[in-house]
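Protein chains: 2
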Amino acid sequence: MQSRTPAPRAGRPRSAAADAAILAATRQALVELGWSKLTLSDVATRAGVAKTTLYRRWAGKNELVVDAVAELFDELELTDHGSLAADIEGVVLQFAAILARPEARSGLMAVLAESTRDDALRERIRESIVDRQKRLVLQGRARAQRRGELPAQADPAEAARTVDLIFDVVAGAVVHRTLVSAEPVDPDWVRGFTQVLLHGLSAAEAP
Amino acid sequence: MQSRTPAPRAGRPRSAAADAAILAATRQALVELGWSKLTLSDVATRAGVAKTTLYRRWAGKNELVVDAVAELFDELELTDHGSLAADIEGVVLQFAAILARPEARSGLMAVLAESTRDDALRERIRESIVDRQKRLVLQGRARAQRRGELPAQADPAEAARTVDLIFDVVAGAVVHRTLVSAEPVDPDWVRGFTQVLLHGLSAAEAP
DNA sequence: GGGCTTACGCTACGACTCGTAGCGTAATAC
DNA sequence: GTATTACGCTACGAGTCGTAGCGTAAGCCC
Numbered sequence: 001m002q003s004r005t006p007a008p009r010a011g012r013p014r015s016a017a018a019d020a021a022i023l024a025a026t027r028q029a030l031v032e033l034g035w036s037k038l039t040l041s042d043v044a045t046r047a048g049v050a051k052t053t054l055y056r057r058w059a060g061k062n063e064l065v066v067d068a069v070a071e072l073f074d075e076l077e078l079t080d081h082g083s084l085a086a087d088i089e090g091v092v093l094q095f096a097a098i099l100a101r102p103e104a105r106s107g108l109m110a111v112l113a114e115s116t117r118d119d120a121l122r123e124r125i126r127e128s129i130v131d132r133q134k135r136l137v138l139q140g141r142a143r144a145q146r147r148g149e150l151p152a153q154a155d156p157a158e159a160a161r162t163v164d165l166i167f168d169v170v171a172g173a174v175v176h177r178t179l180v181s182a183e184p185v186d187p188d189w190v191r192g193f194t195q196v197l198l199h200g201l202s203a204a205e206a207p
Numbered sequence: 001m002q003s004r005t006p007a008p009r010a011g012r013p014r015s016a017a018a019d020a021a022i023l024a025a026t027r028q029a030l031v032e033l034g035w036s037k038l039t040l041s042d043v044a045t046r047a048g049v050a051k052t053t054l055y056r057r058w059a060g061k062n063e064l065v066v067d068a069v070a071e072l073f074d075e076l077e078l079t080d081h082g083s084l085a086a087d088i089e090g091v092v093l094q095f096a097a098i099l100a101r102p103e104a105r106s107g108l109m110a111v112l113a114e115s116t117r118d119d120a121l122r123e124r125i126r127e128s129i130v131d132r133q134k135r136l137v138l139q140g141r142a143r144a145q146r147r148g149e150l151p152a153q154a155d156p157a158e159a160a161r162t163v164d165l166i167f168d169v170v171a172g173a174v175v176h177r178t179l180v181s182a183e184p185v186d187p188d189w190v191r192g193f194t195q196v197l198l199h200g201l202s203a204a205e206a207p
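First to last, the protein sequences are chains A and B.
Take the first sequence: its letter number 53 is residue 53 in UniProt numbering, and every next letter is one higher.
Take the second sequence: its letter number 104 is residue 104 in UniProt numbering, and every next letter is one higher.
Bear in mind the hints are in silico, worked out from the structure with no lab data behind them.
Just to be clear, a hint being listed does not mean it is correct.
One copy or any two copies: either way a pair holds, since identical chains are not told apart in the list.
Claimed, not checked - In silico DSSO-like cross-links for lysine-lysine, where the CA-CA straight-line distance does not exceed 30 Å:
| # | residue 1 | residue 2 |
| --- | --- | --- |
| 1 | Lys51 | Lys37 |
| 2 | Lys134 | Lys51 |
| 3 | Lys61 | Lys51 |
| 4 | Lys37 | Lys61 |
Using the sequences and the hints given, assemble the complete structure.
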């Protein structure tokens, strides 16, 4: 995450095991303590490393939590269910399952809050979390266009705006349902949501 | 906010001016410092009150910020623009204008993050912020049904689910656009969003 | 093997924030 | 007046932060 060069040429290499232990310890601390009570000293103790090691690798709490939470989104993928509606329902359920985990809930919202005042942090979040999600929208859209379920848009700028819109609607609705309304994203809800997304409110209200 | 009884019977009453000064100072501190660097001592100094006065009125940082942010949403109202689409566009623009303010951005997300581990805080947020927004959905929906733009739903449980869904989609999309994508909610975006919400993706993509 | 370079563990430190206790004073109700 | 509550102020222990310094460990290259 924080180092792209696996072989910095000379000297003792950084322990990859320590990295994994630290990120796992961070998630565990998020579950048990939440964001505000999480301290780097505590994470270091849980991971079995010295506090100074943490500060050598991450600039602070924000960056550490971003990396720890980002790993949760690795498993996201868009499996082909045969139709656009089924594909959407599948990926929404995956996304919701991740957001349902307590380490994602408390950690993600907190770093997003911090990112409103820290552009570098926002960029880090975008690279390691947001763009990974948005890629799924692009995939699903292209797949649906191949199937003929969605019309192709000639203007690339217009298409980009549409993708952004879909992304904000899908991710926003799931996040809001999970973290603000604090209600479960169950198959029933996902079905209703997909119905609205594809066919609109007026059509969806009269099945 | 924290006291519903305006006349507690005896003794020196609490200064209403101090309340207003503290909440205003909190918002100012949110703008200048952000959530994580905001301290109650600093707020007390800005407001011209003693730190102990803050602790006598609020349990902590979370509750104070909730009240300070909640006041921002007082101005939300659903003006009648003649059609459901216009009504939605109007209220979404209002909502986005509030979220665009830095004191709302950093404060709201942070307390939401904290609320994932604090049920009392979540309830406080629901009462003073979320429910005030959801009321608009109920109003707009009833108005559209009177106009004949939306069908009436016989089953009240089904209707409640629909209102919850609309609320999560609208609020979620705007919040995600503003705070995660960090892109402006301009009239163009609102038009596209309303189009998708009312008529669905397949229809909206081919204007 | 020896030497170079970097990572690690450990300790200690000043600076800061937290939330509370205690006390004298100010403002209202009766 | 008197009772009662709110306020300002000071001081305090506890906890956290991020860093410096030092000795040791683990790899590369000759």
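State whether the alpha carbon distance between Lys37 and Lys61 is at most 30 Å within one copy, between copies, both, or neither. both (11 Å within a copy, 13 Å between copies)
One pair to classify: Lys51 and Lys37, alpha carbons no more than 30 Å apart. Within, between, both, or neither? both (16 Å within a copy, 22 Å between copies)
State whether the alpha carbon distance between Lys134 and Lys51 is at most 30 Å within one copy, between copies, both, or neither. neither (35 Å within a copy, 45 Å between copies)
One pair to classify: Lys61 and Lys51, alpha carbons no more than 30 Å apart. Within, between, both, or neither? Classified as both; 12 Å inside a copy, 27 Å across copies.
The structure fails to meet hint 2 from the earlier list, while all remaining hints are met.
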